[in-house]
Structure formats: C-alpha cells, structure tokens
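Quick note, the sequences are listed as chains A and B, same order.
Residue 1 is where the first sequence starts when you use the working numbering, and the numbers rise one by one after that.
Residue 1 is where the second sequence starts when you use the working numbering, and the numbers rise one by one after that.
I should point out that these hints are in silico values taken from the structure, not numbers from a laboratory.
The C-beta atom is built at its ideal place from N, Cα and C for all residues, glycine as well.
Check each hint, because a few of them may be wrong.
Stated by the list, open to error - Ranges of calculated distance between the beta carbons of each label pair, as one might list FRET restraints:
1. B:Gln167 to A:Ala116: 50 to 60 Å
2. A:Gly69 to B:Arg281: 28 to 38 Å
3. A:Asp114 to B:Arg281: 30 to 40 Å
4. B:Arg280 to A:Cys110: 21 to 31 Å
5. B:Lys285 to A:Gly29: 53 to 63 Å
6. B:Thr121 to A:Glu92: 52 to 62 Å
7. B:Lys66 to A:Gly69: 53 to 63 Å
8. B:Leu166 to A:His109: 30 to 40 Å
9. A:Ser61 to B:Arg281: 24 to 34 Å
10. A:Ala2 to B:Arg281: 28 to 38 Å
11. A:Ala81 to B:Arg280: 27 to 37 Å
To be verified - Straight-line distance between alpha carbons at most 20 Å, and here's what the computed SDA-like set of lysine to any residue pairs gives:
12. B:Lys285 to A:Thr12
13. B:Lys173 to A:Met21
14. B:Lys285 to A:His49
15. B:Lys106 to B:Glu69
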Amino acid sequence: MAERISLEVPATLSALCSVRMVLGGLGAGLDYSLEDVENLSLATEGLFHAALQTESCERFSVEVVITDGDLSVYSGEFRSADLRRQVEDGDEGCLDLCRLLRETVDEVHCREVDDAYQVVLVKRGRGRGTSE
Amino acid sequence: MSGRDERRVNDPLDLQAPPGQERALDGDDVEGRAGTAADRQGRGRDDSEKLDQYLLRRYHLYGDRKAREQLITMYLPLVRSLARRYASRGEHFDDLVQVGAIGLIKAIDRFDLSRGVELTTYATPNIVGEIKRYFRDKGWSVRVPRGLQELNIRLNKVIDELVPSLQRSPTVKELAEAANATPEEVLEALETSQAYNSVSLQASPNGESGEEDAGLIDYLGGEEEAYDTMEDRTTLAPGFAKLDKRERYILHLRFFEGLTQSQIAERVGISQMHVSRLIRRSLEKLREEIGELDSTQVMRPPGSVHDS
Numbered sequence: 001m002a003e004r005i006s007l008e009v010p011a012t013l014s015a016l017c018s019v020r021m022v023l024g025g026l027g028a029g030l031d032y033s034l035e036d037v038e039n040l041s042l043a044t045e046g047l048f049h050a051a052l053q054t055e056s057c058e059r060f061s062v063e064v065v066i067t068d069g070d071l072s073v074y075s076g077e078f079r080s081a082d083l084r085r086q087v088e089d090g091d092e093g094c095l096d097l098c099r100l101l102r103e104t105v106d107e108v109h110c111r112e113v114d115d116a117y118q119v120v121l122v123k124r125g126r127g128r129g130t131s132e
Numbered sequence: 001m002s003g004r005d006e007r008r009v010n011d012p013l014d015l016q017a018p019p020g021q022e023r024a025l026d027g028d029d030v031e032g033r034a035g036t037a038a039d040r041q042g043r044g045r046d047d048s049e050k051l052d053q054y055l056l057r058r059y060h061l062y063g064d065r066k067a068r069e070q071l072i073t074m075y076l077p078l079v080r081s082l083a084r085r086y087a088s089r090g091e092h093f094d095d096l097v098q099v100g101a102i103g104l105i106k107a108i109d110r111f112d113l114s115r116g117v118e119l120t121t122y123a124t125p126n127i128v129g130e131i132k133r134y135f136r137d138k139g140w141s142v143r144v145p146r147g148l149q150e151l152n153i154r155l156n157k158v159i160d161e162l163v164p165s166l167q168r169s170p171t172v173k174e175l176a177e178a179a180n181a182t183p184e185e186v187l188e189a190l191e192t193s194q195a196y197n198s199v200s201l202q203a204s205p206n207g208e209s210g211e212e213d214a215g216l217i218d219y220l221g222g223e224e225e226a227y228d229t230m231e232d233r234t235t236l237a238p239g240f241a242k243l244d245k246r247e248r249y250i251l252h253l254r255f256f257e258g259l260t261q262s263q264i265a266e267r268v269g270i271s272q273m274h275v276s277r278l279i280r281r282s283l284e285k286l287r288e289e290i291g292e293l294d295s296t297q298v299m300r301p302p303g304s305v306h307d308s
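Build out the structure end to end from the sequences listed, making use of the hints.
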C-alpha cells in the first residue's frame with residue numbers, strides 16, 4: 001500500500017526548505033543514500049525554480065508517494081506549456097532543466113490531470129537507482 | 001647547481017641582471033632546496049635566508065613575478081604544516097592549505113625588505129591569521145544553533161570517513177549512527193548547511209575580485225589542467241561564464257559525465273559535502289545569471305535553435 005504525504009506550499013523559494021525536509025525524512029526512512037536524497041532535492045528545486053518563472057499560481061501542490069521502496073514526487077498541477085517543454089525536451093550538451101532532472105532522478109514524466117498536468121519525479125529504492 | 005649559480009643565489013645583492021636574464025632559478029631546483037622542514041634544516045640556514053632575500057628583492061625591486069611564484073612554492077610546506085594544526089576542526093585540509101596560502105601570498109606581497117626579518121617569521125602569523133579568519137568569517141548566513149553547527153562540522157568528517165569505507169554515499173541512518181545523533185538531527189543539520197558560506201577559493205589572493213590577479217586555484221592543485229581540457233560546449237552557455245573553472249568542471253562531471261558526488265570529490269580532492277555545496281551554489285549562480293533572460297534560453301549554448 002502506498003504511503004502519501006501531500007503538501008501545499010506557497011509559491012516562494014522559502015517553501016523549498018519544507019519540501020526538502022519532507023523528502024529528506026522520507027528518504028531516510030527508505031534508507032536512501034545521502035546523495036540520493038540530495039539529488040531528489042536538487043531535481044525538485046530545479047522544477048520549483050522553473051515553475052516559479054512560468055506559472056502564475058500562489059501555491060504549489062507537492063505530493064510525495066512511497067511505493068515498493070520507490071519515492072515519487074508529484075508536483076503541480078501546472079498549465080504552462082513552456083514548463084512542460086523544459087521538463088520534456090532538452091538540448092544535447094545543455095545543462096537545462098531536462099538534463100538536470102534526468103541526471104538526478106531515475107524517471108521523469110508528465111501526467112495528465114484534466115486540463116493540466118503534474119510533473120512526476122521518481123527516485124528508485126536503494127540498489128535499484130542510478131547513483132549507487 | 002654550478003659554482004657560478006651557487007654564488008649568485010647566495011648573493012642577495014647580485015641584482016645586476018634584469019629580470020629574465022639573470023641566472024634562472026629553476027623551479028624544481030628551488031622546490032628541492034625548499035623541501036620539507038627537515039630538508040630545510042639540513043641545508044645551511046644562511047643559504048636559505050639568502051635565497052629568500054634574493055627572491056624577495058627580485059620581486060619587490062624588479063617586480064619579478066616568477067620570483068614571487070618561487071617563494072610561494074618554497075613556502076607551501078610551511079603552509080601545510082600550519083594548516084595541519086587546524087585540520088581537526090572539521091574543515092577539509094586542502095581548503096585550509098589554500099586559505100593559508102592566501103596568508104602566505106599576502107606576507108610575500110607586504111614584506112618589507114628594510115625590516116631585516118626572515119620571511120618565515122613574518123609569514124607564519126599571516127598564514128595562521130588567515131586560517132583563523134577563515135574559521136571566524138566563513139560563518140553562517142542565518143543564526144544556526146551551535147549544536148547544529150557542530151553536528152554539521154562533525155558530519156563533514158563522518159561523511160569523509162564513511163564514503164571510502166562504504167564505497168558509496170552513506171545513508172542518513174548510517175550518518176546518524178556514526179555521528180552519534182538521531183536521523184532527525186542529521187537531517188536538520190544538513191538542512192542548516194544551506195546557510196553555511198564557504199570562502200571562495202577563486203577569490204584573488206589579495207581578497208579582491210580583480211581579474212588581473214590569478215585566483216588561488218591558479219596557484220594550487222593539479223586538477224586545473226583538467227578544467228582547461230573540458231571542451232564541452234556547455235561551458236559556453238549563458239551563465240557559465242560566471243562560474244569559475246572548478247565549478248564548471250564539477251558541473252560537467254556531474255551532469256555530463258554522470259559521476260556521483262563521491263566520485264567527483266575523489267577526483268577533485270575535496271569532500272563530498274563540499275562538492276554538494278559547490279553544485280548547489282553553481283546551479284544557483286546559473287539561475288541568478290540567466291534570471292533576466294527568457295526562461296527558454298536558460299542555460300542554452302549560444303546559437304542553439306529553440307522554438308519558443
């Protein structure tokens with residue numbers, strides 16, 4: 001059975017602290033390495049920064065789900081096509097959001113939700129990820 | 001060394017030849033002569049003092065930069081020796097050496113030939129002072145309880161110890177156990193490290209950010225050559241120009257070579273925590289730099305086509 005923690009945080013950089021602590025706590029519970037936790041935080045922060053530039057909402061929803069030892073972060077709902085393009089399309093040789101996400105988590109995709117979408121970041125459990 | 005060479009080196013007043021035409025003081029030769037403290041004791045103390053004086057005069061009277069560099073090289077063992085005294089306080093030894101080198105360079109630059117004191121006498125308090133200032137000034141940008149600061153420093157050491165033995169990044173639980181703390185305390189301490197400011201080792205030796213002065217990274221370490229060989233075009237991307245060589249190199253290793261923080265730490269010769277901080281700081285610098293740009297241009301190299 002999946003374990004879920006839902007956060008609704010102000011769309012400000014200061015809210016990142018709360019998100020990081022939640023991710024760190026859950027990562028610790030799953031015995032993730034420090035670097036895995038750090039990478040998941042970097043990915044979430046990168047997405048957060050991009051969303052602040054492209055979305056015009058006052059709050060962000062972040063849902064963290066644990067399934068079979070994997071940690072998934074559902075962020076959104078977003079509506080910006082620009083943000084979606086940044087998440088999905090990267091230029092080879094560029095340190096853009098797409099590369100940042102793909103180099104720090106094991107899976108990135110957008111999930112349709114009505115007329116919006118969520119960005120889903122997945123960090124696999126220890127021994128199944130990329131950074132061990 | 002020939003007899004003629006020896007004579008000229010031992011004669012600090014032998015300044016007839018203009019810089020560049022005098023007997024070449026070979027770097028290896030000088031380093032070999034400087035060597036360790038034991039080496040230093042082994043050779044004649046007078047010779048050593050005269051060599052110092054000779055190089056100091058070449059630098060201060062003729063502006064001979066090579067003499068300055070030779071002095072820096074000669075006295076790095078002293079810096080290392082002094083830095084070692086402070087290495088148990090949670091900061092990486094190499095970082096302390098680089099900070100101490102700032103003190104050494106300041107001492108060489110400010111040395112007053114007319115005072116008649118030895119460079120060692122003058123440089124030692126400068127080096128120690130710089131290291132102490134590092135501990136005092138690097139500081140915390142927000143108020144962090146002392147216990148958490150100390151735990152953070154302890155974690156730095158513990159991570160450095162655990163990574164080689166585990167051959168991977170430790171978990172929070174492993175860190176907590178090794179640092180004699182709870183996982184919650186570890187997480188809190190790590191979060192507070194966001195408020196921790198490291199001295200930029202790219203700062204110029206005189207503490208200013210002038211472009212004419214070489215940064216410490218140009219004086220020390222052997223990895224900078226690798227920084228230069230990095231030809232990935234990302235280094236030309238907007239924002240990257242604001243990063244120093246080491247930051248660009250670390251980002252390259254992490255995001256284009258796919259190295260882990262631990263692997264980068266090993267290759268660059270700094271702690272994993274330091275790598276983590278540098279990555280985070282570099283990404284922040286990039287974001288700040290491109291903040292004014294259209295978000296679709298974020299970190300894209302010049303000339304790339306992007307339909308916005």
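Evaluation of the provided hints:
1. A C-beta distance of roughly 43 Å is found between Gln167 of chain B and Ala116 of chain A, which places it outside the suggested range of 50 to 60 Å.
2. Distance hint for Gly69 of chain A and Arg281 of chain B: a CB-CB separation of about 31 Å, consistent with the stated range 28 to 38 Å.
3. Judged by the Cβ atoms, the range 30 to 40 Å given for Asp114 of chain A and Arg281 of chain B holds: they are separated by roughly 39 Å.
4. For the pair Arg280 of chain B and Cys110 of chain A, the beta carbons lie near 25 Å from each other, so the given range of 21 to 31 Å is met.
5. Distance hint check for Lys285 of chain B and Gly29 of chain A: the Cβ-Cβ separation is about 33 Å, which falls outside the suggested range of 53 to 63 Å.
6. For Thr121 of chain B paired with Glu92 of chain A, a C-beta distance near 57 Å keeps the hint of 52 to 62 Å intact.
7. The supplied range of 53 to 63 Å is met by Lys66 of chain B and Gly69 of chain A, whose beta-carbon atoms lie about 60 Å from each other.
8. Restraint check, Leu166 of chain B to His109 of chain A: a C-beta distance of roughly 32 Å satisfies the suggested window 30 to 40 Å.
9. For the hinted restraint 24 to 34 Å between Ser61 of chain A and Arg281 of chain B, the CB-CB distance of approximately 28 Å keeps it satisfied.
10. One distance hint, 28 to 38 Å for the beta-carbon pair Ala2 of chain A and Arg281 of chain B, holds here, with the actual separation near 35 Å.
11. At about 29 Å, the CB distance of Ala81 of chain A to Arg280 of chain B agrees with the hint of 27 to 37 Å.
12. In summary, the hint linking Lys285 of chain B to Thr12 of chain A is supported, as the alpha carbons are separated by about 18 Å, within the 20 Å threshold.
13. The hinted pair formed by Lys173 of chain B and Met21 of chain A meets the criterion: a straight-line CA distance of about 15 Å does not exceed 20 Å.
14. Taking the CA atoms of Lys285 of chain B and His49 of chain A, the gap is near 13 Å; set against the 20 Å cutoff, the hint holds.
15. Taking the CA atoms of Lys106 of chain B and Glu69 of chain B, the gap is about 12 Å. The hint holds against a cut of 20 Å.
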